[in-house]
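S.K.: Chains as they are written, first to last, in numbering that gives the first Met the number 0: chain W, 0 to 405; chain S, 0 to 405; chain H, 0 to 405.
Fair warning: there could be bad hints in the mix.
Since the list gives no way to pick out one identical chain from another, each pair is judged satisfied if it fits inside one copy or across any two copies.
To be verified - Mimicking DSS-like on lysine-lysine, the simulated pairs with C-alpha atoms at most 27 Å apart in a straight line are:
1) Lys374 - Lys43
2) Lys308 - Lys398
3) Lys233 - Lys308
4) Lys374 - Lys233
5) Lys398 - Lys43
Since the hints were derived computationally from the structure, they do not count as laboratory data.
Note that the structure is a prediction, hence the values are computed from the model and not measured.
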Amino acid sequence: MNAPEGLTELVSAGNVLFLIWGAVLIFSMHAGFAFLEAGSVRKKNVVNALTKIPTDWAVSTLVYFFVGFPLAYGITFLGSATGMLEDRSYDLAHFFFLLCFAAVIPAIISGGIAERMKFLPHVIGGAVLVATAYPLFEGLVWGRFNVLGADDGWLAGAFGAGFHDYAGSVVVHAMGGWLALPVIIMVGARMGRYLDGESRPVAIHSVPFVALGSWFLMVGWFGFNVASAATLPKISGLVAANSLMAMGGGLLAAMLVSRRDSVFVYNGALAGLVAVCAGSDIMHPVSALVVGAVAGVIFVKGFLWANEKLRIDDVLGVWPLHGICGAWGGVAAGIFGLESLGGLGGVSFLSQLAGTVACIVIALVISTVVYGLLKVTVGLRLSPGEEMLGSDLTIHAGKAYPEELI
Amino acid sequence: MNAPEGLTELVSAGNVLFLIWGAVLIFSMHAGFAFLEAGSVRKKNVVNALTKIPTDWAVSTLVYFFVGFPLAYGITFLGSATGMLEDRSYDLAHFFFLLCFAAVIPAIISGGIAERMKFLPHVIGGAVLVATAYPLFEGLVWGRFNVLGADDGWLAGAFGAGFHDYAGSVVVHAMGGWLALPVIIMVGARMGRYLDGESRPVAIHSVPFVALGSWFLMVGWFGFNVASAATLPKISGLVAANSLMAMGGGLLAAMLVSRRDSVFVYNGALAGLVAVCAGSDIMHPVSALVVGAVAGVIFVKGFLWANEKLRIDDVLGVWPLHGICGAWGGVAAGIFGLESLGGLGGVSFLSQLAGTVACIVIALVISTVVYGLLKVTVGLRLSPGEEMLGSDLTIHAGKAYPEELI
Amino acid sequence: MNAPEGLTELVSAGNVLFLIWGAVLIFSMHAGFAFLEAGSVRKKNVVNALTKIPTDWAVSTLVYFFVGFPLAYGITFLGSATGMLEDRSYDLAHFFFLLCFAAVIPAIISGGIAERMKFLPHVIGGAVLVATAYPLFEGLVWGRFNVLGADDGWLAGAFGAGFHDYAGSVVVHAMGGWLALPVIIMVGARMGRYLDGESRPVAIHSVPFVALGSWFLMVGWFGFNVASAATLPKISGLVAANSLMAMGGGLLAAMLVSRRDSVFVYNGALAGLVAVCAGSDIMHPVSALVVGAVAGVIFVKGFLWANEKLRIDDVLGVWPLHGICGAWGGVAAGIFGLESLGGLGGVSFLSQLAGTVACIVIALVISTVVYGLLKVTVGLRLSPGEEMLGSDLTIHAGKAYPEELI
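This is chain W alone, in the form it adopts within the complex (with noise of 0.2 Å):
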């Protein structure tokens, strides 16, 4: 009988769609990183910003091809040929779709670092970490070495549930944002940023880069939550109708905190997104919505406080952006994916607090043993007069308006 085994062949080939679909939507994510940090530097630095990403990812690829993925599913692309070629269709396009999360930690560590750090050494920062932090604690959750997140693993054993993060609140932002925060301290702030004892911000180059770079984010983002579904018959409308709500409650949020601020209300949305991947799965759109407009709030109050307050000189936001929100998200999820809260239970609480505090320590850790250890080598930041001059002429000996020059 030739029907099942047809059907067979389309679930497998649905499959590679639907997670080539995500990969490529997650993909064009990171021409927002770009444009986000483009838009938010000066116009000094903005080739500078406009290289990194798409390097990151070049890097990123190869380091998640040949040690992230590997190590952290246990299945490599480096057999001989034919045979393998043809049967790891579906491995080669999950391979794709996580890469696209994996370079998001180099991105999001990026932004923090931007306008006083040399190339090189962000470069290798960001290549070690795809091949370690990231993979070991994906691994942990998601992949072959699942103790947190697995039914029969260590937090379902102490708590009843697994660590549960569905799109990566944790897995992915949190872990960036909290991977950021010692490289951002360590490089140290921007010259004049607090200068005489006053914090004076920079002005920015563009708010339309920084509008283009969130929407590339926020058009990406469903293919980041929806396809996290990983097989076609497992995709659930309610990630959609949820991330649209935490983006809208977010986008609201740190709007009214922020008096109609064009550059908050946009990364409002984005924290939104943030926060929801964790429990996108399992929360009712309602939660979601109060999520997201947390999530803002979180995000408008934690940029004024860490720059402002704390003189943390993080350009972009990105350590509230993607470290707080996102672990706020791994908490929420064991909040309101609860079913007395509405959601669909399978969660518990302390796991997801464990879960979010093992992220936070490993990120911490390691960031600090990598970037101290380049920080002694290579060194991190780029001298006084190359800083003044921008990165753009001293690193990529261009301009980002050449004719403008003549």
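Once you have looked at the hints, place chains S and H on chain W.
M.R.: Chains S and H alone, transformed into the frame defined by chain W:
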């Protein structure tokens, strides 16, 4: 036997993917609305354009979730937890898809009243329309009050076939364009636009932003039209081909009548796409070419007529583009959809005319009431000083290129 | 029994969705061509770049619908109504997909002849090539004249395997690049480009636009390569992974040989993608990395060689990018596709070489004839005064940033 069961599941999953694929494309069109407006205004109003569109989107998400979608289709997402969440995957994806249509309404209006309207009445007006006028007419054509579109509805009884609007030439575009007209008139022309009896066109900020916005719209439009099949088995290559032909016809016709004016060229393509929505499933590709070309001419001539002769200061030409070309599309489906003209038939010219006129009447009445009330309560317009300073500084306390001010 | 019947319908629908998904992605690449050129010219030619690309797209739509596609595949869409429209859903989707390839031809040429060519001969030339050279060679490799690619064609008879070009390294890119070369030479270098025996590179308008264009191209490319499977059950994760590896290799190699020049970095990624198209279905990912890296080096060195040594004023480097890297991709499929080099086999080095050379010969001959005739009839080049003033003002009666003139 398992095969049919697995097949049913796969069809369900395929339908959800199909709708979300389309919805994500249409969501990206909102980036297009944002940049089309940002390019078409002056530099002092760019941030406002870029902020209104995502804000309208977020507000539309909430309004359409809680009011609009339930009103049009009788489906709510507010019941208790688990069961509903599990069974509503398709409905939630359908909500996402249809939200993308609904949110076009304030995006259209935004382009007409740009550069001089207050923020709050714009946002409130859009919210009210997404809760009332839009889902009312949507419900009359596609939803639970279906007396216009249905085979056994009023128009089918009167003229032999119901009102046919495959992808929203009338339900979305004509509705948006005719809702915009009263408020454009009520809010009045920009300061200096018609001075000393002369029409003085305002030099726009950026043709590249107009182009960028148009590309987002042109690309995303294929989600609009193709995914209007609503379920995957009904997907139609003809719809895609007709969209192509109408877009090309509109672009080339606008080019010929505007002497290669780039802004008209891009808007001509959009005019063709607006007009083809209604009949894209039932026309021959050659007919779609004609419908699109006529729309391209209508837009160029209509824009000049409205803005220069009638002195309606419709900044982006949203009334000719969406209002008039949308109405043309509704009527054209009743001409080129006829079997005698190479179409698939099942359509009536008089029903198309009646449905289109009904839309225009509803839009004009509700818009006049809503914005009339807003005018006498909160007021519609910035003060002359605020308008002169620009809405970026007065509403958002920021400029598009902050670094430039240093 | 219903199951197989429903399955057949679902496979058909899935194929149409698959092709349209890919086609929409490739259509978005045309936004990329527009911004890549808009960023790489001077401010006075930005509008022209942004107008040529969509105009070429619209003209290609008509020409390929009425002439090119019927020529290459023997399928027309002009029969009478209903039956044809209902049965041709896949063919119409396939037309959309292949149109996206065909329309790349004038987009490639546009980047070579930028800043000094007249509008009309550019549009006419592109139209003629989309009607002749492109579908002719397409028909020889993929279509109804399939004597190069087929298993029982000339090359298979001569060398044991037909010419293999999975996604168009040769059929699309080499064809476009070698069609461009004669007209770039015929139209001559821009005024002042080589003055007093010196090469004087022209400062470009905007690196952010180059980056934006490149992102559209890189993202859309996955539609190009992945959907070249043509039917959903043949979708291959390997193709996606190989595209990733070649893109990464091209980017990193270009970075290393260009010292982090951002424009070269982005173009290096594109060079890798051009080269991987032909063999992306039969190479090992590590081979794809090598093929891409070689292409990245070829582009940087080839661009400098052509523009500085040969003094061919190829503004965007379309001949090295599409012409040479495309030819390299055609040949590389005959090397790295071999089983002995870890590939899937079924490919012949000599067939690849012969097919690639055939493409180059056809392109050079037809382009020389077409543009030679245009040169002696309507003329190719703007007058010196027009060129100095810029094509935006002379052709489109407008500037890119109208507000700046006030």
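S.K.: In ascending order, which of the hints set out earlier in this document are inconsistent with the structure?
M.R.: 3, 4
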